[in-house]
Structure formats: structure tokens, C-alpha cells
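Colleague: The chain contents come next:
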Amino acid sequence: NAGVTQTPKFRVLKTGQSMTLLCAQDMNHEYMYWYRQDPGMGLRLIHYSVGEGTTAKGEVPDGYNVSRLKKQNFLLGLESAAPSQTSVYFCASSHGQGSSGANVLTFGAGSRLTVL
Amino acid sequence: AQSVAQPEDQVNVAEGNPLTVKCTYSVSGNPYLFWYVQYPNRGLQFLLKYITGDNLVKGSYGFEAEFNKSQTSFHLKKPSALVSDSALYFCAVRDTGGTGGSYIPTFGRGTSLIVHP
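Here the protein sequences come in this chain order: A and B. Counting from 1, one number per residue, gives the positions in the first sequence under the numbering used here. Counting from 1, one number per residue, gives the positions in the second sequence under the numbering used here.
A few of these clues could be false.
Stated by the list, open to error - Result set (DMTMM-like, lysine to aspartate or glutamate): computed pairs, CA atoms no more than 25 Å apart in a straight line:
1) Lys22/B x Glu59/A
2) Lys77/B x Glu64/B
3) Lys49/B x Asp62/A
4) Lys22/B x Asp9/B
5) Lys22/B x Asp38/A
Calculated from the structure, these hints are not laboratory results.
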């Protein structure tokens, strides 16, 4: 029962490098989310998706891109990493609206990214 | 627009004493309210939710929360704290109605609960 799996768990980048974080869920959830967690800032939504092939901007989308080509996967990309993107990134998923399990998010274990 | 506030960055309590972690919210319609817990180096885990019905909601690990509409609060409580309850606690809200309705929950900044032996 894997739930939400994030890879990689840790990554160190140099400024200007690019990378992709992968999120995979095996619960057939419609909705998927990417958050970043910073000290004193709590969780901030970067992008989210309400279904395969759809994405939308959250609170802090600048510098990030996402794709949801398959229902079970949600990719977060950094095209040109900046030190301000040093953070812990969490992926989450949930059932869509109309489901009794709607609104409850299942989170991955996190990906710690450091940009030098 | 929806928002949630956790006024305390840190709560300290002795083991065996009751604990309260505070949360207030702002929505234009009716709220769905949630508590999550995060242990060190882990993702967030769902504790409990209020959707409708009884204002006192019971959740995992002996936690409960009381929805108070007049005070727009949803405080997390536990009658007797354990050292193992030490963690970061997040309140979240989703506005279900009005022009500000959203399908996406907004999280508070989190409150660090420290239970002393």
C-alpha cells in the first residue's frame, strides 16, 4: 500500500540547473498537488491538477512548471533553479469532488531540495 | 477568499496534561475544516475533519476538535498529552460556498507541539 511516492528524496543543484520531481499515487485519486514547506511559512501551494491533462497555478507558481500526462503521476519541474527554491517539496493527492473521501489529502514523504 | 490562522508558533505542555492547539478561519460560505500532523522528516498525516453535523469531532490518536461557528474556530484538543504527540500540527480550511468557494484547501503556518516528560 504505497500511497504517494516522491522521487528523489534529496537533491542538491547549482543555480541555473534544471530538474524534475516525480510524484506517483496508486489510489486512483483525481486531484494532485505540489506544495513547498519553508520555516515560518507553513505549506504553500505551487500548482495543482484536478484531472489527467489539466493543471492550474497555486499561490507560488513562479519558477515552476508541472505536467499530468497520466492520472497517477504529477511532475514538478524547475527549469532554472534559484537559491530561493531551496525548500522541502510535498506532493499530495485526493479524491475529486462528490466523493465521500473528497478534501482529505494524502501526502508523500517529501523531497528536500538545496540550490547552491 | 479563504484563510486560516494558527496564532501560536509553539505550544508547550507537560505529559499527562490536556493540550489545545488553536485555529481560526475565515470563509465566505460554509467551512470544511481539517487537522493534519507532521512528524519529523515525514509528510503530513490526516487527523480529523469537520464537514457537517456534530460540532465535536473525534479523530486519530485520541485527538478531537470543536467547531465553533460564532468564534470561527476549530481548536485541536487532547485530554492527556503524550511525549509521542510532539510534532507539527497544521489546520486547513476549504470554503464550500459563496463567491469565494474553492476546491483547494488552505493550510495554516503550523504549530509546533512540544510535550515535556
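Colleague: Are the hints correct? Go through all of them and say.
Modeller: How the hints compare with the structure:
Pair hint Lys22/B plus Glu59/A holds up; C-alpha atoms about 24 Å apart against a cutoff of 25 Å. The suggested pairing of Lys77/B with Glu64/B holds, with an alpha-carbon distance near 5 Å, which does not exceed 25 Å. A threshold of 25 Å between alpha carbons decides the hint, and for Lys49/B with Asp62/A the separation of about 31 Å lies outside it, so the pair is violated. Between Lys22/B and Asp9/B the alpha-carbon distance is near 10 Å, which keeps this suggested pair within the 25 Å criterion.
Distance check on the hinted pair: Lys22/B and Asp38/A sit about 21 Å apart at the alpha-carbon level, within 25 Å; holds.
Figure legend: structure checked against the earlier numbered hints; the only hint not met is number 3.
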